[in-house]
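*Asks:* So you can see what is in the structure, the chains are spelled out below.
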Amino acid sequence: MEMFLMALCLSLFGVAASALAFGAATRGEPAPREREAGLKTAPALKAALSTPRFFGEDLAPVDMERRVPLEVLLLQIERHIRLEQAAAESFLHDPSPESLHSRTMSPLVH
Amino acid sequence: MTDVQPELLRGLAKEDAAGVETLASRVHLKSGAVLFQLGAEADTVYLVQRGRIALTLPVQVAGREEDVLVEERQAGQTVGWSALIPPHRFTLKATALVDTEVIGLARSALLDYFAANPAAGLAVIRNLAAVIGQRLQVFQAMWLREMQRVIDRRTA
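Chains A and B supply the protein sequences, listed in that same order.
Sequential numbering from 1 applies to the first sequence in my numbering.
Sequential numbering from 1001 applies to the second sequence in my numbering.
Honestly, I wouldn't trust all of these hints.
As the list claims (entries may be wrong) - One-sided and incomplete, this derived list gives chain A residues near chain B with beta-carbon spacing under 8 Å:
(1) L70
(2) L73
(3) L75
(4) I77
(5) L83
(6) A88
(7) E89
(8) D94
(9) S96
(10) E98
(11) L100
(12) P107
(13) L108
No lab work stands behind these hints, which were simulated from the structure alone.
Ideal Cβ positions, reconstructed from N, Cα and C, are used throughout, including at glycine.
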């Protein structure tokens, strides 16, 4: 009887220790539903994970664009238009295929 | 009328220039003030006397509608020539970039004056054709440059 009780106690202790160890190991991971919700709120991350990546080449320009603040982007657009107008006026002053397609310094093009 | 001769009144006889001056109304705009909105009824053409006017169009940028500069007009230049061209609706928004003064000429008064003084009407319409032609040629060249880039990207 004593032997049986001792074996039972040891078994219960083992189960409890295993449960604690499992809990500690899985604490950092969100549940599958939580993970799904997280992906819904971060479409860029979802797209990044679902898109095959080869050395991350395709993702780099997208990230760069998203990091440009709106005010900076608007200034770039304005500068682009001014440069293009100047180039067009220069073409009208001296019309030629070269002056029509002269190179621009606009950051929106390069 | 202005320190800089308005492009629209070039070549007018002195008496005609003085006659047009009697039709003018002066408008003072503080920096940021809107002279006219895109789509508004255009019944007055403006000559910039002092300052600068930005002509803008709405563009969707990052999901937001933003006014993007299309052209800038300064002293002597004409703004709002849609007032003289059917269907008489402004196709751009005009905003003062700095404290600006413009002279407004109402279409109906101008056309009445031209009917009575055809030589003045011819001179103004020729000047107007030059302003519109220049705009057309600049934008045609800009469009062609953009087309070339599209073609270059497609064939790269």
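*Asks:* Evaluate each hint against the coordinates.
*Replies:* Checked hints:
Taking 8 Å as the C-beta contact cut-off toward chain B, the hint placing L70/A at the interface holds, the least distance being around 6 Å. The closest approach between the C-beta of L73/A and any C-beta of chain B is roughly 6 Å, which is under the 8 Å cut-off, so the hint is satisfied. Against a cut-off of 8 Å between C-beta atoms, the interface hint on L75/A is violated, since the closest Cβ of chain B lies about 10 Å away. The interface hint given for I77/A holds, since its Cβ lies 6 Å from the closest Cβ of chain B, which is under the 8 Å cut-off.
With its C-beta approaching chain B no nearer than about 10 Å, L83/A sits outside the 8 Å limit, and its interface hint is violated. Against a cut-off of 8 Å between C-beta atoms, the interface hint on A88/A holds, since the closest Cβ of chain B lies about 4 Å away. The criterion of a C-beta within 8 Å of any C-beta in chain B is met by E89/A, whose closest approach is roughly 6 Å, and the hint holds. With a cut of 8 Å, the hint placing D94/A at the interface with chain B is violated, because the nearest CB-to-CB distance is about 12 Å.
With 8 Å as the threshold, the beta carbon of S96/A stays out of range of chain B, its nearest partner Cβ sitting at about 12 Å, so the hint is violated. Interface hint status for E98/A: violated, as the beta-carbon distance to the closest one in chain B is roughly 12 Å, over 8 Å. With its C-beta approaching chain B no nearer than about 6 Å, L100/A sits inside the 8 Å limit, and its interface hint holds. Annotation: P107/A was flagged as interfacial toward chain B, and the flag is violated, the nearest CB pair being 14 Å apart, outside 8 Å.
The interface hint given for L108/A is violated, since its Cβ lies 10 Å from the closest Cβ of chain B, which is over the 8 Å cut-off.
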